[in-house]
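The chain contents come next:
2 protein chains.
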Amino acid sequence: MLSEQMMALGKTRSVIREIFEYGNKRKQEIGADKVFDFSLGNPSVPAPESVNQAIRDILDEMDSTAIHGYTSAPGDFSVRQTIADYINKEHGTSVNADDIYMTVGAAASLIISIKAMACPGDEFITFTPYFPEYRVFVQVCGAKLVEVASREGDFQVEPESLETAITPNTKALILNSPNNPSGVVLSEETIKNICGILEKKQKEYGHEIYLITDEPYRELVYDDIKVPYLLNYYDNTLVGYSFSKSLSLPGERIGYIVVSNKMKNDRDMYAAVCGAGRALGFVCAPSLFQRVAARCIGQTSDISEYKRNRDLLYSSLTKYGFQCVRPDGAFYLFMKTPEDAGVFCEKAKKYELLLVPGDDFGCPGYVRISYCVKTEQIVNSLPAFEKLAEEYQL
Amino acid sequence: MLSEQMMALGKTRSVIREIFEYGNKRKQEIGADKVFDFSLGNPSVPAPESVNQAIRDILDEMDSTAIHGYTSAPGDFSVRQTIADYINKEHGTSVNADDIYMTVGAAASLIISIKAMACPGDEFITFTPYFPEYRVFVQVCGAKLVEVASREGDFQVEPESLETAITPNTKALILNSPNNPSGVVLSEETIKNICGILEKKQKEYGHEIYLITDEPYRELVYDDIKVPYLLNYYDNTLVGYSFSKSLSLPGERIGYIVVSNKMKNDRDMYAAVCGAGRALGFVCAPSLFQRVAARCIGQTSDISEYKRNRDLLYSSLTKYGFQCVRPDGAFYLFMKTPEDAGVFCEKAKKYELLLVPGDDFGCPGYVRISYCVKTEQIVNSLPAFEKLAEEYQL
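Protein sequence lines, in the order shown, are assigned to chains X and B.
For the first sequence, this note's numbering gives the first residue as 992, with consecutive numbering after it.
For the second sequence, this note's numbering gives the first residue as 992, with consecutive numbering after it.
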């Protein structure tokens, strides 16, 4: 009598949360400092002080009914103008305020973009490894998720593998770079290859193939790595952004969609985005945090801790003999497992190491290690990783 | 190539917004004080000062990562406990924290409740007049909205009209009291009649019929009117609440669902609610405002201004000869029109009166007058209403 699909989704505790809750129990048993929990992607670095200052300033400067009242459904106009100006300055684009739709975070950006375009029978392509909710969002919009394997070794993309996956039913490609769970940033070469194939296939089939980017980790990159801005590479692009990770605000649910104004039908697409947001019950993005995001645009939390963690973890794990792809961004490290990832994670637990198997990310034989933790936790966990490597005689 | 349904939804500017934007233009032409805009339901009374104080206190007292980090998907546990305790104290119920799911406002409460239970072929009943988004939410969940006319004159419900509308496909009744757009509060007698019929039909068909309440206006009632709490009248109830109107926070998107624990399958229903929230991309309700809502629980904005407006508007309009149902709650007055409501609204515009035709609320022959405005606007508008009445020789 209820929706079986929704009930199943609600009852399937995600593997990540399962491990996290095991960790909490274990911490109570043996002490928090003895359990090395690498399961969650919750930023460990606080929001920059300017965030709380912006909140205080807004409370002081604006009327309560203006701060907390409805904004227009696509978001406050001056907030959208500020964001458009920032994007244009950073990326040399010509985005207008009316190309931007403020969202309730990255998940909302993604499902609204999918819902805006999904028709029965449509296929949405993504590369493995990918964030598990992609499958949920595509399915709930009545479409099918098609997985394409990234290249073993560096998780860049072989042009041929994308080309063979595109069919006349392909509506869009969902791209996530920096990637959760691998931390890999797609190179400009890879991006150009991808866009070239999309262009070619559009011509071949005589209809648009859209590109949906999911980029909450855009600013979390290390060593001067550049993340190509897709609006500059492909006209049929929707950029999905969130301030969750750059400003360490994941609970506040604030992000946006940019609809490329170089798209032939860009006003129709923007209308469909507005319609999808309305149909899914979003009304408007949280009004105070729309303004906070605008005031803090271009700032990030102190990501040097993530870089320190990345360096320490990557150099240590490879020294112990593990195979990892060096992550250039986000705060995840994806490590190859010497046997089935589920079995490996159980063995890791004996050393109090809590890791997430790659299976749910469409990539068995790997584990995700979230290094958005205190550096101290990484330092303390290294002997455990070393023993685990010794157990496998790496 | 895009979703026609989403594009149409995005392009259909709601009638309400259309009038609101006409009003803005008109205000620029002749001055804001000369245009009497009664179109929008945006609270005119500021949030109680305790709201901004709670925000400041939370920023001072809690760590940034705790304030702005993810909460669990159903919401912070202590927030849910505070809300459960409050409901139990107010209504003599026995709600647990685990019966509560925090939402991104009333629209989210409603669509999540519908999505949790909707199966192909399902019918959801609501009484006219009703908020137009009900139709959107029911349709996007793949079900059908069935309208049942309220009783002409007082907008209570004739038991027979509900009984004949229920079919074996009826999944739920959506109830909105105090009502938008009529301001009517369903009496305890009406509630008992409704619940009696639902009980009878459940037995007759041998399956559950759910009751979904949409009650963002619960606290906005005047003259000691009581709004029956449905958990005490019907076991298969989901309460949908929002702090938007009671705390004047509509832009912040914060509310909750209570799943009655007297429901036979209450854990399944709660799981389906969690699944629907996840599938629709809500992740968690805004984290700072979850805590603000808990700290300000039981408080309301100063609603005496709404009561003053209601009294002045109702007594004046009826004196001029208009027929209105006296609203006991919310901040809307629903007035019968002497001719087609659309034509009537156009004539009202000549007097700079901006009113919303009832057609979109499933109730032609009426207009909605939102009196969440400064009392001064009502005082100044009365001569215009009087002239309009004279034009119709009322």
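Just so you know, not all the hints are guaranteed correct.
Cross-link-like lysine to aspartate or glutamate pairs, in silico, EDC-like; alpha carbons within 20 Å at most [as the list claims (entries may be wrong)]:
id: 1; chain 1: B; residue 1: 1002; chain 2: X; residue 2: 1089
id: 2; chain 1: B; residue 1: 1135; chain 2: X; residue 2: 1089
id: 3; chain 1: X; residue 1: 1018; chain 2: X; residue 2: 1343
Label-pair distances were calculated between CB atoms; the ranges are [as the list claims (entries may be wrong)]:
id: 4; chain 1: X; residue 1: 1355; chain 2: B; residue 2: 1072; range: 54 to 62 Å
id: 5; chain 1: B; residue 1: 1069; chain 2: X; residue 2: 1224; range: 41 to 49 Å
id: 6; chain 1: B; residue 1: 1069; chain 2: X; residue 2: 1381; range: 37 to 45 Å
id: 7; chain 1: B; residue 1: 1012; chain 2: X; residue 2: 1198; range: 44 to 52 Å
id: 8; chain 1: X; residue 1: 1198; chain 2: B; residue 2: 1048; range: 49 to 57 Å
id: 9; chain 1: B; residue 1: 1140; chain 2: X; residue 2: 1355; range: 37 to 45 Å
id: 10; chain 1: B; residue 1: 1069; chain 2: X; residue 2: 1057; range: 52 to 60 Å
id: 11; chain 1: X; residue 1: 1057; chain 2: B; residue 2: 1048; range: 49 to 57 Å
id: 12; chain 1: B; residue 1: 1140; chain 2: X; residue 2: 1224; range: 52 to 60 Å
id: 13; chain 1: X; residue 1: 1198; chain 2: B; residue 2: 1223; range: 16 to 24 Å
id: 14; chain 1: X; residue 1: 1216; chain 2: B; residue 2: 1020; range: 48 to 56 Å
id: 15; chain 1: B; residue 1: 1258; chain 2: X; residue 2: 1083; range: 27 to 35 Å
id: 16; chain 1: X; residue 1: 1216; chain 2: B; residue 2: 1123; range: 21 to 29 Å
Derived by calculation from the structure, the hints in this document are not laboratory data.
None of these values were measured; they are calculated from a predicted model.
All residues carry an ideal CB built from backbone N, CA and C; glycine is no exception.
Taking the hints in turn, this is what the structure says about them:
The suggested pairing of residue 1002/B with residue 1089/X holds, with an alpha-carbon distance near 14 Å, which does not exceed 20 Å. Between the alpha carbons of residue 1135/B and residue 1089/X the distance comes to roughly 33 Å, so the proposed pair goes past 20 Å and is violated. Taking the CA atoms of residue 1018/X and residue 1343/X, the gap is about 10 Å. The hint holds against a cut of 20 Å. In this structure, residue 1355/X and residue 1072/B break the distance hint of 54 to 62 Å, their C-beta atoms being roughly 40 Å apart.
The beta-carbon spacing between residue 1069/B and residue 1224/X, approximately 47 Å, falls within the hinted interval of 41 to 49 Å. Checking the proposed 37 to 45 Å range against residue 1069/B and residue 1381/X shows it holds: the Cβ atoms sit about 43 Å from each other. In this structure the supplied range 44 to 52 Å is violated for residue 1012/B paired with residue 1198/X, their Cβ-Cβ distance being about 35 Å. At roughly 55 Å, the beta carbons of residue 1198/X and residue 1048/B sit within the given window of 49 to 57 Å.
Between residue 1140/B and residue 1355/X the CB atoms are about 58 Å apart, so this pair departs from the stated range of 37 to 45 Å. Our hint of 52 to 60 Å for residue 1069/B and residue 1057/X is violated, since their Cβ atoms are close to 30 Å apart. For the pair residue 1057/X and residue 1048/B, the supplied restraint of 49 to 57 Å is violated, since their beta-carbon distance comes to about 22 Å. Between residue 1140/B and residue 1224/X the Cβ separation comes to about 56 Å, which falls inside the hinted range of 52 to 60 Å.
At about 56 Å, the beta-carbon gap between residue 1198/X and residue 1223/B misses the expected band of 16 to 24 Å. At about 54 Å, the CB distance of residue 1216/X to residue 1020/B agrees with the hint of 48 to 56 Å. Under the hint 27 to 35 Å, the C-beta atoms of residue 1258/B and residue 1083/X, about 54 Å apart, miss the expected range. Hint check: residue 1216/X to residue 1123/B, Cβ distance near 48 Å, so the stated range 21 to 29 Å is violated.
Hint violations for this structure: numbers 2, 4, 7, 9, 10, 11, 13, 15 and 16, all remaining hints satisfied.
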